[in-house]
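Asker: Make a model of the complete structure from these sequences and hints.
Order-wise, the sequence lines are chains B and L.
Here the numbering used here = 1-based position in the first sequence + 8.
Here the numbering used here = 1-based position in the second sequence + 9.
Be a bit skeptical, because a hint or two may be false.
What the hints assert, rightly or not - Each computed DSS-like pair below joins lysine-lysine, with the alpha-carbon atoms no more than 30 Å apart:
| hint | chain 1 | residue 1 | chain 2 | residue 2 |
| --- | --- | --- | --- | --- |
| 1 | B | Lys-85 | L | Lys-28 |
| 2 | L | Lys-18 | L | Lys-49 |
| 3 | L | Lys-50 | B | Lys-64 |
Unchecked claim - Over the 12 Å line for every Cβ pair with chain B, so calculated as not near, a few chain L residues:
| hint | residue |
| --- | --- |
| 4 | Gln-23 |
| 5 | Asn-84 |
| 6 | His-86 |
| 7 | Asn-88 |
| 8 | Leu-92 |
To be verified - Stretch-level coverage of chain L by chain B, calculated; a stretch enters the list once three of its residues show a Cβ under 8 Å from a Cβ in chain B:
| hint | stretch |
| --- | --- |
| 9 | 45-57 |
| 10 | 110-123 |
Treat the hints as calculated values from the structure; they're not laboratory data.
No residue lacks a Cβ here, since even glycine has one placed at the ideal position from N, Cα and C.
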Amino acid sequence: GDSVTQMEGPVTLSEEAFLTINCTYTATGYPSLFWYVQYPGEGLQLLLKATKADDKGSNKGFEATYRKETTSFHLEKGSVQVSDSAVYFCALSDVRPSTGFQKLVFGTGTRLLVSP
Amino acid sequence: DTAVSQTPKYLVTQMGNDKSIKCEQNLGHDTMYWYKQDSKKFLKIMFSYNNKELIINETVPNRFSPKSPDKAHLNLHINSLELGDSAVYFCASSPPRRDSGNTIYFGEGSWLTVV
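Answerer: In structure tokens:
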């Protein structure tokens, strides 16, 4: 079945450091890929998405490029801030042939801690 | 205005009790979901409904019964609560297009603790 693998955390960085969180996926179809973020004590928010190969999603300084050849969707940010401290989830969405409807499969999440 | 709202946000209850979590979305979406996030932050789909009809049931115990009175609401009822049911439950919704690129919008979560 479909699956998403993320690097284990926590990732600990100083403010203004470069961030990379690795994400790879396995899927039988042609999924769309997402990054969601969960701030402490809050729900899930969409950070960015890409719906086809070579698309780049970007938002709030974060970027990720859909790489079909390496089945990856790594999250990057050039200069992190303390306020970026959160748990980041990579996810894929595929349409189930049995139902014709979308299903979102998540990775295990990566906690990011940014210190001043 | 909150797009996907769920109540209660926090719930502490004893083993064996029955409880419900309510969810409403005002986005006009046809499809709604329940996801469970365990203590290790792992998120997994439980149910999905489209226009009040069940379309995904991910081998969830029968003690969990979703109910969708209309396409804007998807409530989750849990019977005979067990310690292992302690988790954060997220309601979500997405547009009606049968497309993998739909964004799924999540509520703020309901923190359930069974003691």
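Asker: Now look at each hint and say whether the structure bears it out.
Answerer: These are the hints, each one checked on the structure:
Simply put, Lys-85 of chain B and Lys-28 of chain L have alpha-carbon atoms about 42 Å apart, too far for the 30 Å limit, and the pair is violated. Taking the CA atoms of Lys-18 of chain L and Lys-49 of chain L, the gap is about 19 Å. The hint holds against a cut of 30 Å. Of the supplied pair hints, the one linking Lys-50 of chain L and Lys-64 of chain B holds, its CA atoms being roughly 26 Å apart against a limit of 30 Å. No Cβ of chain B comes within 12 Å of the Cβ of Gln-23 of chain L; the nearest lies about 24 Å off, and the non-interface call holds.
At roughly 18 Å from the closest C-beta of chain B, the C-beta of Asn-84 of chain L stays outside 12 Å, upholding its exclusion from the interface. The beta carbon of His-86 of chain L sits about 21 Å from the closest Cβ of chain B, which is more than 12 Å, so the claim that it is off the interface holds. No beta-carbon of chain B is positioned within 12 Å of the beta-carbon of Asn-88 of chain L; the least distance is around 25 Å. Listed as outside the interface, Leu-92 of chain L is consistent with that label: its C-beta sits roughly 22 Å from the nearest C-beta of chain B, beyond the 12 Å cut-off.
Interface restraint, the stretch 45-57 of chain L with chain B: holds (7 residues with C-beta to C-beta distance below 8 Å; minimum three). Evaluation of the coverage hint for the stretch 110-123 of chain L: fulfilled, as 9 residues show C-beta separations to chain B shorter than 8 Å, against a requirement of three.
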